[in-house]
Structures are given as C-alpha cells and as structure tokens.
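Under UniProt numbering, the first residue of the sequence shown carries the number 1, and numbering increases by one thereafter.
For the record, the hints were derived by calculation from the structure and aren't laboratory data.
The beta carbon of each residue, even a glycine, is placed where N, CA and C say it ideally should be.
Just to be clear, a hint being listed does not mean it is correct.
Simulated DEER-style distance windows between Cβ atoms [unchecked claim]:
#1 544 to 580: 39 to 47 angstroms
#2 57 to 360: 58 to 66 angstroms
#3 336 to 221: 23 to 31 angstroms
#4 258 to 48: 52 to 60 angstroms
#5 328 to 451: 18 to 26 angstroms
#6 245 to 221: 30 to 38 angstroms
#7 394 to 428: 20 to 28 angstroms
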Amino acid sequence: MASNIVQDPRTQTRQRRSERNRMFATSDDNAMMKQILATHVPDGREVDVKPILNLTEDILQYVTHVGDGEKRTSEVGTLEKTAGLYDLEGMLETLAFIIQKISCELACRCAGGGDAHTTTLVLFNTLSSYPWDAKFEALSKLIKASIDVTKRIIEFKELPSQYISEDTPPMSIAIGNIPVAAYWTIRSIVACASQIVSLIGSRNEYISSTTEAWELSSLAHKVDTIDIHLKQQLIICNEHINEKKYLESFKSLEDLFGTAPHIDNMKIIAKLLRGQNEEQQPLVSDEIVILDQLYRESRMRHENQYEVWYSVYHPLIIEPAVIKYIKEVWNFSKKMILVALDPQGRVSSPNALNMLWIWANLAFPFTQEKEEDMWKTENWSLQLLVDGLDPYIPDWITEGRIICLYGGEDIEWIRKFTQTAKAVAAAAGITLEMVYVGKSNAKERMQKMIATFAVEKFSYFWPNLTSIWFFWARLESMLYSKLKHGKSVENDHILNEVMGLLSFDGSDQSWAIFCRGPNEIIKTKGVTALNTLIEFEKWKADIQQVGFVGAFGGYYKSIQSPHHCTRLILPGSTGGIPERVVCAECGRQMEKYFMYSCCVE
C-alpha cells in the first residue's frame with residue numbers, strides 16, 4: 001500500500017542546509033575558480049556601482065533599525081530624499097532587467113531547493129557580461145554582509161591607473177583574488193536569501209537550527225577573512241601609488257629648479273609650501289621668533305607694505321617629496337638653514353641664515369658676492385655685536401657713554417664684578433652702562449639667572465631669553481661666515497675677536513667687553529677684568545691721557561697671564577667645520593677633539 005509522505009518544510013530546509021555545508025567544506029578553490037572565470041565574459045560596459053551601493057547601504061540601515069513607527073516614517077521620508085541625491089533614475093532603468101532577473105533566480109532557487117553552489121554559478125552566468133564590481137553591486141542590496149567587500153572591490157577599481165596598472169604585482173595579485181571574493185560573497189547572499197524565504201514561509205513558527213546558524217557564521221567568517229586580505233592588498237597598492245607620486249613630485253621639483261629662471265619665483269614657492277592638508281599648528285622656536293620679529297619690523301617700512309609673507313607653521317604638513325628635496329639637494333640635516341631664491345626662482349644662496357642673522361634684509365639678495373661686500377664695510381665694534389638687539393645701546397653709543405657687556409654664569413664673580421665696576425665708575429666720574437648678555441646654549445640656567453638679576457639688580461639685563469640666544473647665534477654666524485670666505489684669526493681682526501668671545505663662552509669663563517663710541521673696544525677675561533678694576537688706583541692717572549677704556553685696556557694687558565686653557569665648541573651639524581683653528585689668545589693651533597653632547601635645555 002503506497003502512501004504519500006509529506007515532509008515538513010522545515011525538514012526540507014535543514015536538508016538543503018546540510019547539503020550546502022558539505023559543499024562549503026569540500027569545495028576545491030582551484031576548480032571553483034575555473035567555474036567562476038568560465039562565467040566571466042565582460043562586454044566592455046562600465047557601471048558606476050558606487051551610487052547604488054550608497055543607496056543600498058542606506059536601505060539596509062533603515063530596515064535593520066528598531067524603533068517606533070513615527071521614527072521609521074520619518075526615516076522613510078529621509079531615505080526618499082537621499083535617494084534623489086544619488087542620481088539613480090537612468091541607472092536603475094538600465095539595470096532594472098538584470099536586477100529583476102537576479103531576484104527571480106534567487107526566489108526560485110531558494111524555494112525550489114537548489115544548492116547554494118549551483119545557484120551562485122547561475123547568478124554568475126546571469127552577470128557574465130558585467131565587470132566584477134558590477135556583479136557585486138547587482139546583489140549587494142540583498143545582503144549587508146557583502147557591502148564591505150563590495151566597497152573594497154570598488155576601491156581597487158578607483159585606484160589611479162597612471163600610478164598602478166593591472167599587471168603591476170600588487171594590483172595583479174589583488175585582481176586574482178577578486179573572483180574568489182565574488183563567489184563567497186554571492187554564495188553568502190544566496191544562503192541569506194534562502195534563510196529569508198524559509199522565515200517568510202513559516203511565519204513565526206520557524207526556529208533556526210544550530211546547523212543553519214553555523215553555516216551563516218562560517219560564511220560570515222569566510223567573507224570577513226577575504227575582506228581582511230583585500231584590505232591588506234589595498235594597503236600595498238596604495239603604498240605603491242604613494243611611492244610613485246612621491247618620486248613624481250620629487251622629479252617635478254627638480255625640473256622646476258632646473259628650468260629656472262622663471263618669470264617670478266611664486267611657482268616654486270607654491271610648490272615648496274603647499275602642504276598635505278590645511279591644518280596648521282603653531283611652531284615655537286628661537287629661530288621662528290627672530291624671523292617673525294624681522295618680518296614685523298620690515299612691515300613698518302612703507303615700501304614693504306605690499307609684500308606677501310608665506311609661512312608653514314608645522315613641518316608635518318609639508319609634502320614628503322619637498323622634505324626629500326630639502327634634505328638631499330639642499331643638504332639639510334638638523335640645524336636650521338635658510339635657502340634664498342632670487343626673484344626668478346634661482347637659488348642665490350644655499351644657506352643665507354648667517355647673512356640674515358648678521359645684517360637682516362640689508363644682505364639681500366644674499367649672494368656670496370653681497371656677503372663679501374658687506375664684510376668690506378664692517379669693523380669690530382659694539383654696533384656690529386648688538387645690531388638690532390637692544391633699543392638703548394645705540395643711544396648710549398651716540399652719547400659717548402662707557403658701555404660694558406659681560407657674560408658667564410658665575411654668580412659670585414658677577415656680584416663682585418658689578419659692585420666693583422660701579423664703584424670705579426663713580427670714582428672715575430664716568431657714566432657706566434652695564435649689560436648682561438648671559439651664556440649660549442643654557443636656556444634653563446639663563447632663566448634662573450634672569451630671575452636672580454630681577455631680584456638683586458646687578459645691572460641692566462635682557463629679560464627675554466630669545467635676545468640672549470640671538471646674541472650668541474649672531475656671533476656663531478659671524479664665525480662661519482668668515483671661515484667660509486677663507487679668513488683666519490691671523491689675518492682677520494673681527495674673526496679673532498669673535499672667536500675669543502666664543503672661546504670664553506665654550507670654556508665656561510666669565511668675560512667682559514668695555515667700549516666707548518663706535519670703535520673704542522676691548523675684550524677681557526672675567527677674572528683679569530675684575531683684578532684690573534680692583535687695582536684701579538694703579539691706572540686711574542692714565543684716564544686723563546687715553547680715556548677710561550684705553551687706560552683700562554693698557555693695565556689689563558700688563559697683568560694678563562700667558563697661561564690659559566681655551567675651548568671653542570662648534571656644533572657639528574652646521575657643516576664647514578675647519579680643519580685648522582688657532583687660539584684667539586696666543587695664536588697657536590688648537591687641538592681637535594670629538595665631543596658628544598646631549599643638552600636637554
């Protein structure tokens with residue numbers, strides 16, 4: 001007796017799930033790859049899938065939202081407005097047939113019990129004439145899980161072909177993985193569609209089995225793994241593109257300088273200063289403060305009112321190719337450099353910083369010839385030492401006052417020296433102006449010294465650390481400028497005096513300079529200068545004949561000891577360090593040592 005056995009629809013669904021699980025577990029990727037590629041016969045049409053993907057993502061966010069009816073109604077209105085922004089009308093008309101065909105295929109296959117692998121290949125055949133990204137987009141609205149992979153495929157398609165071609169290894173490897181990614185994503189969509197059909201057919205009676213949950217979880221894991229791999233490939237491709245852009249930008253910079261002269265230098269300046277983004281962070285340093293001060297002073301002159309000041313406030317926004325050019329072509333290492341361009345964009349000086357520190361804009365156009373001409377008009381004077389640093393000193397020079405610049409950080413010597421100097425000035429009946437200029441490369445200690453000066457009022461001092469730094473920076477600039485032009489202490493008086501001051505500072509000695517007027521000036525060691533003042537009675541009679549500075553200097557030289565130990569510390573990153581340096585005290589050649597220093601201040 002025959003009987004008809006009607007299976008529960010849920011039993012049929014579980015059997016189909018089991019069949020698909022076995023296929024998923026045993027399918028061979030190589031064989032599957034051949035089957036997928038056999039379906040791929042693109043006819044050259046291009047489909048902009050990104051707007052469809054954006055709309056699909058919005059729809060999926062709406063349908064998965066759990067909220068009250070009023071909110072959902074509001075979201076429908078928003079969704080309709082958003083859809084209008086994607087300009088999909090013409091595109092949907094073009095793709096309506098293929099989308100409808102895919103929907104019918106999914107509905108029939110899922111309802112009829114076909115296995116997932118076969119259904120997936122049928123869909124591939126349906127989409128045979130479309131490129132891989134369009135295959136993804138045609139079904140991406142059916143399952144949210146495929147959106148990330150779809151986005152990744154679109155990102156590969158949008159990579160600039162002028163920097164990376166399809167046969168370039170990073171790109172070719174990624175393209176080889178796209179068919180497999182397409183297969184597993186569409187197969188996941190088929191599985192989810194079948195699940196949805198079963199849920200609709202059984203209404204609220206359907207209960208998902210552990211096996212079905214495992215299948216969906218496994219497929220999700222598979223697609224996630226594919227997405228991670230595609231992300232890694234995309235990173236490699238973008239690194240390849242960035243390197244190409246980097247080299248292209250560097251080459252364009254070389255060509256730009258190589259084709260100078262230009263009509264003006266604005267094209268070069270724009271190329272150098274154009275940052276990677278518009279966000280600018282403040283950068284505070286002594287060099288920037290001084291440059292800003294020079295700029296502000298220049299704006300006070302009527303003829304400079306219409307000049308433009310361009311600046312980059314943080315080096316991180318400068319393009320990497322520009323940084324490479326500055327390091328490799330302009331030899332930038334650590335210390336600040338200032339490359340000067342003439343009005344036609346040609347490099348007039350590879351480093352005009354020394355000229356700028358010494359003479360400011362008077363050294364324009366900052367050529368070597370201009371530097372030589374500037375030195376021809378200079379002599380050793382207080383004006384050269386403190387030019388532009390102090391508002392009072394120029395008036396004191398004009399009035400003929402005795403001026404004493406002194407430095408060091410021996411607080412006991414400073415206390416005795418200032419007290420004795422003031423007493424001698426009163427006894428000699430002269431007006432003595434004393435200015436403390438500190439010590440180089442000792443910001444934290446100078447901050448403490450400034451606080452001490454403010455309390456004990458030893459003498460006039462510069463309360464601004466930048467002024468102290470700039471005084472010593474100008475001395476270093478004078479040294480390097482002179483050495484660059486082949487000068488030595490034997491044949492250049494200014495270099496001899498500058499090197500003497502830097503030697504006192506490098507040897508941690510106190511020192512003092514006494515001067516009157518523009519040219520009457522004498523440099524002294526701190527200890528000997530104090531002894532000279534203490535023994536004022538022995539030389540005060542000479543003041544009437546040779547003046548205070550002359551009498552002081554004459555006695556100083558008579559008691560000066562030939563014994564000395566002098567150090568001259570030159571930063572090693574500045575370049576142009578001379579092989580031979582002679583002592584500013586005795587003229588003997590100085591020994592050369594290597595010193596490694598770490599200065600936190």
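Now for the hints, and whether the structure bears them out:
no.	hint	verdict
1	544 to 580: 39 to 47 angstroms	44 angstroms, holds
2	57 to 360: 58 to 66 angstroms	60 angstroms, holds
3	336 to 221: 23 to 31 angstroms	55 angstroms, violated
4	258 to 48: 52 to 60 angstroms	41 angstroms, violated
5	328 to 451: 18 to 26 angstroms	44 angstroms, violated
6	245 to 221: 30 to 38 angstroms	36 angstroms, holds
7	394 to 428: 20 to 28 angstroms	24 angstroms, holds
Hint violations for this structure: numbers 3, 4 and 5, all remaining hints satisfied.
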